[in-house]
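The chain contents come next:
Protein chains: 2
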Amino acid sequence: MFAKRHFLKKTLLATSILFAMSVNATENVDLMITDATVLTMNDNKTIYEHGTVVIKDNKIIAVGDASISKQYKADKILNVAGDIVMPGLINTHTHVSMTVFRSLADDVPNRLHRYIFPLEKKLVSRNMVRIGANLGNLEMVKGGVTTYSDMYYFEDEVAKTVDKIGMRAILGETVIKFPVADAKNAQEGIQYALKFIEEYKNHPRITPAFAPHAPYTNSTEVLQQITKLAKKLNVPVLIHLAESKRENEKIAARANGKTPVEYMHSIGSLDERLVAAHMINVSASDIELVKKAGTGVAHNMSANIKSAKGVSPALAMYDQGVRIGLGTDGPMSGNTLSTIDEFNQVAKVHKLVNHDRGAMPPIKVIDMATMGAARALHMEDKIGSLEVGKLADVIVIDTKAPNMIPMYNPYSVLVYSANSANVRHSIIAGKLIMEDRKMLTVNEKEIITEAIAFTKKVRQAVIENGEKVI
Amino acid sequence: MFAKRHFLKKTLLATSILFAMSVNATENVDLMITDATVLTMNDNKTIYEHGTVVIKDNKIIAVGDASISKQYKADKILNVAGDIVMPGLINTHTHVSMTVFRSLADDVPNRLHRYIFPLEKKLVSRNMVRIGANLGNLEMVKGGVTTYSDMYYFEDEVAKTVDKIGMRAILGETVIKFPVADAKNAQEGIQYALKFIEEYKNHPRITPAFAPHAPYTNSTEVLQQITKLAKKLNVPVLIHLAESKRENEKIAARANGKTPVEYMHSIGSLDERLVAAHMINVSASDIELVKKAGTGVAHNMSANIKSAKGVSPALAMYDQGVRIGLGTDGPMSGNTLSTIDEFNQVAKVHKLVNHDRGAMPPIKVIDMATMGAARALHMEDKIGSLEVGKLADVIVIDTKAPNMIPMYNPYSVLVYSANSANVRHSIIAGKLIMEDRKMLTVNEKEIITEAIAFTKKVRQAVIENGEKVI
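Going line by line, the protein sequences match chains B and P.
For the first sequence, position 432 (counting from the first letter as 1) is numbered 432 according to this note's numbering, and the numbering increases by one without interruption.
For the second sequence, position 135 (counting from the first letter as 1) is numbered 135 according to this note's numbering, and the numbering increases by one without interruption.
The hints are simulated quantities; they were obtained by calculation from the structure and are not laboratory data.
Treat the hints with care, as some may be off.
If several chains are the same, the list does not tell them apart, and a pair holds so long as it fits within one copy or across any two.
List of simulated lysine-lysine pairs, DSS-like, C-alpha gap at most 30 Å [unchecked claim]: (1) 184 <-> 195; (2) 456 <-> 232; (3) 456 <-> 45; (4) 245 <-> 364; (5) 400 <-> 121; (6) 195 <-> 160.
Go ahead and model the full structure; you've got the sequences and the hints to work with.
This is the structure we're talking about:
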C-alpha cells in the first residue's frame, strides 16, 4: 500500500504542475485524444464526456474534460467524436504461439493426448513459436489487448515478436518435468528461463518470467527453487492452479489431502510474484490464502466452460479483493485471444451460476479486464487505468457501429454489445500501433500469409500422427 | 414429410436438367460465387472446397465444386478466395424496434416495470418503431442475418423497413390483454393483425403473423381465436412460452396444474404454425408434445442467461428432432441481434450445464442457426440451406481475418472464433444487400444519425419517469 500511496501523491503533484503551466503557456506533447467518452477506470471510476487524454513520450500526462486540451500542442490529435477511450485490455493468461493449431479437433475426446501433445512434439520450434505469436499478437492488438501474459516454449522468440509489434507482455518460459521442445527436464527449463530473464530484464515493455506449468507437473523442490530464484531476480512466476478435479486429487495424494492452493502455500510458493491461472476448484479458505499472499488470479471463463471444467468463483474473489483479471487462455482453449469477445460471457455466465441477474454487472467485467488484470499481474502502478503518470496504453472503441448504438451506459455497451472489430485505434507505451484498424508496426498480410502457409505442416503432421484433420 | 420428399425430387430433377444443359452451352445467370468453402447445410452437411454457388433471379440454381462454374455466364462474379459461403443466418426471435432502448438500465432490478413499460407507454409510435427497426435491420445484415422473426407493435411499420433493406422476415403483430400503443385490448390487437396480414399476405419476403404475447397475458379464448384465424389464413403464430417459473405458476393456477406447454396443447393451440420462444422450463413430456405438434422453438441462450432465467434444454430438443433454431431475443435482452455473436456461448454454456466438453459441437450450433432455425419457422422448404431450388439467401464470411486463422474445421472457426464483423457479403433473395460490409440498399449513416438523435427523447423520457439514465 505504501507504494500505491506514494504513487498517488506523485500523481497529484504532477497534476498541480500541469495546471500551473497551463496558465501561461501550452506544452508540446506527442499525442492528444479529444472529444472522447473517457473511461478512466481510476478508483472513482471517473468518466469524462467529451474528454481529453494527453500523451507525452510513453506516459499519460493529463486526463480530463474538454477544457484541458487547450493547454497542449500535440504532434498528433485524434478527435474521436464521442468514441470510448479506455485503458488497453490486459489478457492475463494465454499461450499465444498455439494459434497455429486453433480450430483443430475442438471437442474431440482426449484431444490433449491424441492431437496436441503429438503435434507439439513434432512441430514446436523457434519458427512455429514466431509464426504463432505473430498471428496472436496481431489478433490481440486488433481486439484491444495491449498487454498479455504468456506461458509457452522459446519465450525469447515470442519476445522478439512482442518487441516488434510494440506490445507489452509478461513472458513466462515453461518449466515442466517432461522433455519438451526447448528443455529435456525442469532444470534445463530453469536454465533456459534464467538466460531469457538475463537477456530481457531491462526491456521497457517485456517482463521475462518463470512459468512452472502446474504443481502436478513439477516437483516440490523445483517449485521452491523457482520461488527463490524469482524473489532474488524480482520476476513474476506464472502457473496453472486448481484447474481440474484430477489436479486436486493428485495434489491431495502428494500433500496429505491439501488443495493445490494450500499445497502452494505450505511450500512457500504462494506469494506476491505468483500469477495463478484458472483457480476453478477453490474453497473459501483457498480464496483467503490467495488474497493474503497477494497472488494474482487469471480468470479464463470462456476457455474453462468450453472444456466443461466449471466456473471459477471469480465474482467472489473479485468482491473479496483478490487480485483478479480476465484471461483468454490459449487459442486452442478459448479460442479467441481478445477479452472483449468474452465480456458478454463473463457477465452472463456468472449471472447464470449465481441465479442473479444483477450479478457481475458490466462495470466489474471492465474492471477485471483493465485494473483488475493489472493488479493480477502486479502491474497496477504502471498500467490498467488512464491516470496521470501511468504508461500510455490506450484504446479507442467505435461507438457509431450499429451494434454499439445507443450508448446510455458505456460499460453495458462494451460488455453486452461490443466485439473485437469495434476497436479502432490502439496506443501502447505512447505509440500508435493501430490506426483505424490498420496496423502501423507490422505487415498484417505477411503475418497472415505465413500463418496460413504453416497450416499445411500442421495438416501433414496430424495425418502422420495417425489422426484426421477435423 | 411428403412435402419434403417431393421437394428433394424436384431438386434432383433440376440438377439433372442443369447437367444436361452444361454439355453444349453456358446459361446466363445473375450472380455466381466462386472459390468458396461452401457449407451447404444440406442433410448430408456437404462441404465443397473451392466450391461454386450460382444464383438466378431469387433462387439458387446450382451448388457444387469448382467445375460447375464453367456452365454459367454470370452478370456478377464474387471470387471469395476460400472464404466461407453459407446459408444466411435466421434469427428466430427478436423485438427489433427495441434497439432504441438498448444498454439502458441493464441488470437493474425490476427493470421491466421501472424502465421498459413506462418508456414504451411514452415512446412507442410508428416513428420509434421505424427508427428502431432500421437500426436493428442494419445490425442484423451486417451480422449475417438474412431472415428474422419479430414480435412487437406497429409491425406494418417494421414491414416497410424490411421491404426497403431487402431482408426476409416473419413479423408478428402483438396481441395482449393490456392497453398498448397500437391497441386498447386483445381484440383490437387481433383486428390490427388481420389488417396487417391482409396487406402483406402476398409479399415475397415478408410473412405477416399473429403474436399473442404469452399464455399468461392472454385469455384462453383469445389464444383459441388466434389459433383458428391463423389456420384459416395460413399464417404463423409467434409466442413466448415457458420462459419463467412465474409463468409456470400462473398457468398451473389457471389450468389445473398444467405446464404452459400442456396448457397450450389442451386448448388446441400447440400446432404446426406456432413458434414458441424460450422454452426454458419444459419437461421431457413437454418436449414430446412440442415435437409431435410440429411447433417451432426459438432458443435464446444469451438473453436467457443474462436474465438468469436458466438454460433451455435446447440440446435435448435438437437431438430429439424438435424444430429448434437460435434466436437473440430483443436488443434489451441479448443485447446483440446477430446469432453469430452468440454461437460461442451456445456451444460453451451447453457444455457447462451438461458437464460434457463434447456436448453441443459446432456443427449442431451452425445447424440451429440455419436449417434448424428454418424448421423452427416452418420455412425449411424455402431457406436454411444452400440447395438447388431454395431461395438465394447467402452470406460470405471472411476467413483471412486474424481471428479466423487457421481453418482446420470451418464449423469450429465459425462457432468459437467468428464475430459479426467477419461477415463480408450478404445476398438475400438473390440480391446483393451488402458487399464488403458496405450496405447497398439503405443509407447506413442516415439510419445511425436518426437512431442517435432519438436517444435524446429516450433520455428525457427516463428522467420524466423519475428514473436515472444508467
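Now the hints, each set against the structure:
1. 184 <-> 195: within (16 Å within a copy, 78 Å between copies)
2. 456 <-> 232: Intra 44 Å, inter 58 Å, cutoff 30 Å: neither.
3. 456 <-> 45: between (48 Å within a copy, 24 Å between copies)
4. 245 <-> 364: both (28 Å within a copy, 28 Å between copies)
5. 400 <-> 121: For residue 400 and residue 121, only the inter-copy Cα distance (27 Å) is at most 30 Å; the intra-copy one is 47 Å.
6. 195 <-> 160: within (15 Å within a copy, 68 Å between copies)
Hint violations for this structure: number 2 only, all remaining hints satisfied.
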